[in-house]
Amino acid sequence: MAVKVISPGLSTSVQDLGRPGHYHVGIPEGGGMDRFATRIANLLVGNDPGAAVLEATFMGPELEFTQSAVVAVTGGELPPKLNGEERPTWESFPVKAGDRLSFGFLKGGARAYLAVSGGIDVPVVLGSRSTYILGALGGHQGRTLKAGDELPVGEGSGKAGLSLPANLRRAWNSPAELRMLPGMYWHRITEAAGNRFFEETWKVAPEADRIGYRFRGGTPLEFVGREQPFGAGSDPSNIVDACYPYGSVQVPSGTEPIVLHRDAVSGGGYMMLGVVISADMDLIAQLQPHTPARFVSVTLEGALAARAEQRAALARAEGHLAG
Amino acid sequence: MSIRFNFGGDEHIFGEVSEEMSLTSFFTGLSMTNAVRTAGIRGVTEICPANASFQIRFNPDIVKPQDLLSELKSMEEAASKADPVLKTRIIELPVYFQDPWTRETCLRFRERHQDPSSTDLEYSARINGYATVEEFIAAYSGQPWFVSMVGFVAGLPFLYQMVERKKQIQAPKYLRPRTDTPKLTIGHGGCFAAIYSVRGAGGYQMYGITPAPIYDPTRKVRYLSDDMCLFKPGDIVKFKAIGRDDYDATLEEIEANRWQPTVRECTFSLTDFNGDIYGTNAKLMELIDGR
Chain A
1 MAVKVISPGL STSVQDLGRP GHYHVGIPEG GGMDRFATRI ANLLVGNDPG
51 AAVLEATFMG PELEFTQSAV VAVTGGELPP KLNGEERPTW ESFPVKAGDR
101 LSFGFLKGGA RAYLAVSGGI DVPVVLGSRS TYILGALGGH QGRTLKAGDE
151 LPVGEGSGKA GLSLPANLRR AWNSPAELRM LPGMYWHRIT EAAGNRFFEE
201 TWKVAPEADR IGYRFRGGTP LEFVGREQPF GAGSDPSNIV DACYPYGSVQ
251 VPSGTEPIVL HRDAVSGGGY MMLGVVISAD MDLIAQLQPH TPARFVSVTL
301 EGALAARAEQ RAALARAEGH LAG
Chain B
1001 MSIRFNFGGD EHIFGEVSEE MSLTSFFTGL SMTNAVRTAG IRGVTEICPA
1051 NASFQIRFNP DIVKPQDLLS ELKSMEEAAS KADPVLKTRI IELPVYFQDP
1101 WTRETCLRFR ERHQDPSSTD LEYSARINGY ATVEEFIAAY SGQPWFVSMV
1151 GFVAGLPFLY QMVERKKQIQ APKYLRPRTD TPKLTIGHGG CFAAIYSVRG
1201 AGGYQMYGIT PAPIYDPTRK VRYLSDDMCL FKPGDIVKFK AIGRDDYDAT
1251 LEEIEANRWQ PTVRECTFSL TDFNGDIYGT NAKLMELIDG R
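Chains as they are written, first to last, in my numbering: chain A, 1 to 323; chain B, 1001 to 1291.
This is chain A alone, in the form it adopts within the complex (with noise of 0.2 angstroms):
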């Protein structure tokens, strides 16, 4: 069984939930942007949640079954297609040998994910399928897809016609809220600039992709005046290069915030301001270009009682699923 690859789409890429435990020689953990749209399009094609999937980014490829199976597309509003037929979003359906899968413009969010029962079976590198990108690392030939590539399947038992209802999906808000625990290096800005910081409503500017997401249309950062340290440079946006963890929010010269994502670049020479919390990380991958959005302040307990809430959300859909 494999899937053929007609036209690519703008950026599509064999994703799972990730390979963690690389990141101290640079490898970011990857996986799917959205994890909980990954995890139920497994789910609903009879799937291992952590089975590899196809991740579209604004627009959808067109594929081409040799065999039957079972599929599914969660994620973002990207209306698939059955040889011209509409099919539902968040369902399971069957394709037959010769199929042509393809997808309707982008209704809502910004990435979909389509598993296909038995999971894209490229193989495992450093324990996961996942693209990484800019390593050439994993996936299919450890890039994006081409037209004319063909992406072997696993044996899958998926049955047709398994659906998640609206209720027990995420819902986007707009203008966005992306909760964020100041902290890093919060101290290097004023607190006129830091207040200002979270009262603004940034736009999700052309540049956002798997590595991270650029925000502009707000003020650009006051800092406050020192003599830089050693080895930092001469910018007062510029530290000793760190760590970046996945979700920090790091703003080069002071001016446009950039949120790190599941392909981050592991470390660098930018100050953060804190870090967007692991809740809202799904809520990055579905933001598009031109979005409203805005950085709401929480605390430690805020970020772990949302933590909870998610799981309690994929709890809730898993069950359904299994009911």
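If you are wondering where the hints come from, they were derived from the structure by calculation, not from laboratory data.
This structure is a prediction, so every number in the text was calculated from the model and none was measured.
There could be a bad hint or two in this list.
What the hints assert, rightly or not - Which chain A residues face chain B? A few, computed with CB under 7 angstroms, are given here: (1) L137; (2) G231; (3) S266; (4) A303.
Unchecked claim - With a cut-off of at most 35 angstroms between alpha-carbon atoms, the simulated DSBU-like pairs for lysine-lysine come out as follows: (5) B:K1220 to A:K146; (6) A:K146 to B:K1183; (7) A:K203 to B:K1183.
Every residue gets a Cβ at the ideal spot worked out from N, C-alpha and C, and that includes glycine.
We have chain A; now place chain B onto it with these hints.
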């Protein structure tokens, strides 16, 4: 000196040993991360030493953030008192300085540079007080470097030269980053050298290129078949300046998969080093020269 600890969201603890770079801070950070690794704390998923700081990633569903923080703090005293002796290795890396490829890239992005009328090497030599590019290269390749961090992208080492602070070579990054840097470029920004493991954007001054791959996701290169990244934090690196003929010959050997870098096990004592920098370095370099 006490470590500034900080939660990076709900999954990371960041520890800043000092704001400024020094080998002592690097060693404290490395001792901390080694202690965390040895402790085998449940729920810890990533242990990342950096230049003068470190980062621990954890799963807060398994270990409570405050408990992990207390545990890290309890290790701090031992780490900062730990006899700073490191069992490590010295790796010799051939570098073709003033090569045509970084020179071409350097000219292509001249308008993004502080001094468009000089090359990166001429500029860096001048601002660091060297009369000629050759003297600058001699200083660059004459004393070894510590891998003080690996990251940014897969396998990219940050290197800190093992000389006293007044001899540290410093250079600003480009005014605006380049969109291209040849793979395996030796670059410099702030007080750090870096080796670009993959081709891509970059802002460091470019001095030369090594024929030796340092990252191989396909694991076909013979010395990268186990670990796809050559460098680990704590490694010591000595650049060996080579010319075009040596570069071409080494590249041919690499393409036939016959070549591997000279690597020697060694022990490094920070106390001995601080007592006699150049004597300590000379002994380390003898290990590779005395082959």
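Do the hints match the structure? See the list:
1. L137: holds, 4 angstroms
2. G231: This hint holds: A:G231 lies near chain B, its Cβ roughly 3 angstroms from the closest one there, short of 7 angstroms.
3. S266: holds, 4 angstroms
4. A303: holds, 4 angstroms
5. B:K1220 to A:K146: At roughly 24 angstroms apart (the allowed maximum being 35 angstroms), A:K146 and B:K1220 satisfy the hint.
6. A:K146 to B:K1183: holds, 24 angstroms
7. A:K203 to B:K1183: holds, 34 angstroms
When the structure is compared with the earlier hints, no violation turns up for any of them.
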